[in-house]
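Participant: Could you build the full structure based on these sequences and the hints that come with them?
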Amino acid sequence: ETGVTQTPRHLVMGMTNKKSLKCEQHLGHNAMYWYKQSAKKPLELMFVYNFKEQTENNSVPSRFSPECPNSSHLFLHLHTLQPEDSALYLCASSQGGQPQHFGDGTRLSIL
Amino acid sequence: GENVEQHPSTLSVQEGDSAVIKCTYSDSASNYFPWYKQELGKGPQLIIDIRSNVGEKKDQRIAVTLNKTAKHFSLHITETQPEDSAVYFCAAETSYSSASKIIFGSGTRLSIRP
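Those protein sequence lines, which keep their order, are chains Z and H.
For the first sequence, this note's numbering begins at 736 and goes up steadily by one.
For the second sequence, this note's numbering begins at 7 and goes up steadily by one.
Heads up, some of the hints might be wrong.
[To be verified] Derived EDC-like pairs: lysine to aspartate or glutamate, alpha-carbon spacing no greater than 16 Å straight-line: (1) H:107 x Z:820; (2) Z:775 x H:11; (3) H:48 x Z:839; (4) Z:775 x H:45; (5) Z:754 x Z:791; (6) H:48 x H:89.
[What the hints assert, rightly or not] Cβ-to-Cβ under 7 Å is the rule here; a few derived chain H residues that face chain Z: (7) 49; (8) 52; (9) 110.
The hints are simulated quantities; they were obtained by calculation from the structure and are not laboratory data.
A virtual CB, placed ideally from N, CA and C, is assigned to each residue, including glycine.
Facilitator: Structure, rendered in structure tokens:
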């Protein structure tokens, strides 16, 4: 039980599809994050939300659209993705400078 | 931009021996240094951390050292066991009052030989 739950765990989609990734944290944290993890590359921070407000967009292409309706839920809406977007997408949460807690990720494959 | 370098990228040690993973960081404002362990099919899990006002921290078989002057920090695992096999990430984090900015190293794949 990680406290941060991501769904789905696996997703296969075509380049023209629209799908969404979901993250839910049960830890009472105020900050939530999306990361991209590709093979043999460091974790790449994509977006940061703090108290539902986006505080960082790390030059992410517009085909990735985040949404944070409340402090417990975070979505990543996907459309018109490219093959190089295939990766593990990790969600994390934190509170007041404390360690980030990660979910187990969504493995995304773009056909 | 700011970065964290991690070495080695792969490490194989005999069960019972020690393993050492080293990282360097560039942002002098970094004040918190967590280490994460990622097992297959799982997300990274925090295993130990150290703050900038401390030089060394130990938790059973795991220890971390920090040299702020040189901007180096290291993870030491003693008496390694098969369950220590995983990918380990170091990170350098700058904490603010409400959120944090963290940069990860590229990871070390640790294999423990029986």
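Participant: Of the numbered hints stated previously, which ones are contradicted by the structure, given in increasing order?
Facilitator: 1, 5
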